[in-house]
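Engineer: Turn these sequences into a full structure, and let the hints steer you where they fit.
There are 2 protein chains.
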Amino acid sequence: MDNVSNTVRVELGTRSYDILIGRSILSDLGRYFKDLFPHSRAVIITDQTVAGLHLDTAESSLHEAGVDYSVVIMAPGEKSKSYQGLIKACDAVLDSKMERGDIVIALGGGVIGDLAGFVAGVIRRGMRFIQVPTTLLSQVDSSVGGKTGINTGHGKNLVGLFNQPHLVLADTAVLDTLKPRDFKAGYGEVAKYGLINQPDFFEWLENNWQGIFEGGPEREEAIARSCQAKADVVAADEHEANQRALLNLGHTFGHALEGMAEYDAERIVHGEGVAIGMVLAHEFSARLGLCDLAVTDRVVAHLQQVGLPTHIRDIPGQLPKVELLMDYIAQDKKVSRGSLTFILTRGLGQSFVKKDVEPDLIRAFLEEKLV
Amino acid sequence: MDNVSNTVRVELGTRSYDILIGRSILSDLGRYFKDLFPHSRAVIITDQTVAGLHLDTAESSLHEAGVDYSVVIMAPGEKSKSYQGLIKACDAVLDSKMERGDIVIALGGGVIGDLAGFVAGVIRRGMRFIQVPTTLLSQVDSSVGGKTGINTGHGKNLVGLFNQPHLVLADTAVLDTLKPRDFKAGYGEVAKYGLINQPDFFEWLENNWQGIFEGGPEREEAIARSCQAKADVVAADEHEANQRALLNLGHTFGHALEGMAEYDAERIVHGEGVAIGMVLAHEFSARLGLCDLAVTDRVVAHLQQVGLPTHIRDIPGQLPKVELLMDYIAQDKKVSRGSLTFILTRGLGQSFVKKDVEPDLIRAFLEEKLV
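Quick note, the sequences are listed as chains W and H, same order. Residue numbers for the first sequence, in my numbering: 11 to 381. Residue numbers for the second sequence, in my numbering: 11 to 381.
No lab work stands behind these hints, which were simulated from the structure alone. None of the values given here were measured: they were computed from a predicted structure. Take the hints with a grain of salt, since some may be wrong.
Which copy is meant is left open, so a pair is good if it fits within one copy or across any two.
[What the hints assert, rightly or not] The calculated DMTMM-like cross-link candidates involving lysine to aspartate or glutamate, where the alpha carbons are at most 25 Å apart (straight line), are: (1) K44 - E109; (2) K189 - E224; (3) K89 - D101; (4) K89 - D192; (5) K107 - E74; (6) K44 - E21; (7) K189 - E377; (8) K331 - E276; (9) K166 - D105; (10) K107 - D366; (11) K365 - E74; (12) K365 - E216.
Structural biologist: Dropping the structure here:
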């Protein structure tokens with residue numbers, strides 16, 4: 011159990027938990043499980059893609075530790091994060107005769123984490139769960155904070171729960187199996203933590219990003235610092251009454267771009283939308299005179315350096331009409347009573363929540379971007 | 011707002027709430043709403059039957075108080091407490107453009123309360139909700155304790171949440187519209203609180219039940235004492251780790267009887283199953299030498315007096331095979347690791363949790379009851 015190089019404690023009173031970060035710690039899953047839950051059974055919820063890559067390791071580890079377990083395998087991709095996916099997963103967990111004291115293990119990326127965390131929260135009014143995030147995005151984002159849920163015809167993540175895991179195992183070696191594009195997209199969220207309120211972390215990323223991509227020790231450090239940054243925000247504001255909204259830096263623009271592309275992953279994935287969205291948030295802040303344009307240039311330079319898109323034009327396919335983007339922006343659940351709320355910035359790592367942003371200013375700004 | 015005759019406070023720390031009890035307080039719904047949530051909109055979730063009887067009163071009250079609201083009407087009956095009912099209700103609430111700060115009002119009996127409380131808990135990861143229970147059963151049982159959920163093919167209430175309402179309005183005049191059989195069934199749960207741990211309340215019921223049925227001031231008092239009894243247990247053990255199980259007195263037998271009748275309300279409804287189940291729990295306790303048979307006689311006498319069934323033979327239709335009942339008992343979610351747990355009693359109002367009950371003893375006992 012000495013492969014853990016970093017531990018981040020998420021402080022939430024009686025619901026506090028640890029995020030363990032290290033290379034190849036998936037093979038210690040069974041031992042961690044047995045330590046925490048000596049008398050419980052487990053049900054692994056995963057998807058076909060992740061099952062092909064990592065399920066053997068997880069199963070062997072549980073088996074060696076003497077943990078009795080079942081496996082539920084979902085179809086890969088966002089479509090499992092739906093009412094039908096919820097029903098399928100709930101019925102499969104009930105089929106496996108799990109009792110309320112048993113444990114759900116979410117083995118996969120953000121979709122599986124969001125779905126399995128929701129399922130755990132509602133089976134027999136609440137089973138406990140462990141997250142084993144297998145993408146960079148889920149390791150630094152969705153494994154911290156307890157947001158779970160599914161999409162509906164009305165939008166993303168509109169049905170779900172705040173439900174905290176009991177343990178997160180972030181195996182950084184697993185990330186070597188990601189497609190480069192998915193790794194880069196996850197990196198967009200890593201950079202976000204620097205841009206929210208940690209300029210020193212952003213500067214460290216500018217100097218150390220290659221080690222993160224290549225799997226050096228910088229990778230564990232970057233993940234740990236990202237998780238700690240998110241944990242600090244979440245601990246202060248678990249249910250997003252206020253400061254937690256800062257985590258949405260780049261997300262209102264980003265969600266609109268994902269929406270206009272109809273969530274077609276060929277055109278744009280979430281982390282790419284966030285990258286472009288963060289640039290837009292900086293540019294719009296500069297436009298309002300809040301932030302120096304040189305800061306935007308620095309952000310763009312770093313995101314381009316790692317290979318992320320930074321401009322709406324970088325999205326393949328036709329440019330959207332501005333009204334389509336405005337519709338998505340208005341639908342975003344961060345809208346309150348018709349007024350627009352954005353995360354803007356006063357400088358590098360100086361983000362803040364700006365309420366009552368005038369829609370016409372956003373429209374005019376976006377129109378220029380769409381030329 | 012002076013129609014409230016009794017208030018029961020459910021103490022759950024920051025999630026504490028009041029149960030207001032009184033004749034015709036439904037017409038004050040809007041004023042209570044506005045007091046608690048001056049800037050919120052409401053979405054009423056109800057069913058066709060209750061809508062026909064009480065929706066006008068609720069709507070007029072909200073309208074007069076200046077509350078903006080929508081209405082979602084479900085099909086009546088247990089079938090709405092299902093995956094499909096959940097999807098329908100969630101989509102309808104999302105259609106109504108409710109935001110996270112808006113409020114769900116559950117107007118109906120136990121089915122609507124369980125469904126609407128679940129829906130409130132998952133829309134945008136949690137809206138607040140008010141319960142307006144319209145049956146005696148839901149006023150004294152499901153409106154206290156925060157259990158919400160739906161049934162699946164695997165059994166009842168297997169998918170759901172612990173989710174506490176922000177206010178409960180128990181209008182006792184509404185109960186005048188119940189069918190006598192449904193009122194009696196709810197009374198089974200009232201009697202249960204006496205039998206759990208309040209022999210003085212049971213004695214009071216023996217002397218005052220007519221006033222409760224006729225709508226005298228005894229009705230509000232009985233509901234208040236029942237809610238207080240449940241609130242005390244729930245406050246001590248919100249998530250049913252231990253003492254909350256006492257509330258299941260009569261329920262393991264009762265659920266098995268409901269199950270063998272395939273939940274056919276023509277044959278048996280929940281409160282009737284609980285009545286027969288409580289008698290069985292007393293008889294079985296006497297059989298084990300735990301409790302005097304005279305106590306059972308007294309329980310049977312009172313339940314018969316109000317018109318409740320007290321014996322398996324009172325259920326119309328064919329008597330079940332003992333193995334069918336044993337299967338349902340083993341499936342009951344109060345089973346832990348294969349051993350049977352029952353709520354038994356040492357005397358009038360002296361119930362306790364008995365673990366590791368030998369299945370053969372139960373089987374032999376039930377066989378005699380099925381002759």
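Engineer: Next, verify each hint and record whether it holds.
Structural biologist: Each hint, compared with the structure:
| no. | hint | in the structure |
| --- | --- | --- |
| 1 | K44 - E109 | within (17 Å within a copy, 42 Å between copies) |
| 2 | K189 - E224 | within (13 Å within a copy, 72 Å between copies) |
| 3 | K89 - D101 | both (17 Å within a copy, 17 Å between copies) |
| 4 | K89 - D192 | within (18 Å within a copy, 43 Å between copies) |
| 5 | K107 - E74 | within (22 Å within a copy, 50 Å between copies) |
| 6 | K44 - E21 | within (23 Å within a copy, 35 Å between copies) |
| 7 | K189 - E377 | neither (33 Å within a copy, 64 Å between copies) |
| 8 | K331 - E276 | within (20 Å within a copy, 59 Å between copies) |
| 9 | K166 - D105 | between (28 Å within a copy, 14 Å between copies) |
| 10 | K107 - D366 | between (50 Å within a copy, 20 Å between copies) |
| 11 | K365 - E74 | neither (53 Å within a copy, 32 Å between copies) |
| 12 | K365 - E216 | neither (31 Å within a copy, 61 Å between copies) |
Checked against the numbered hints given earlier, this structure breaks hints 7, 11, 12; the rest are met.
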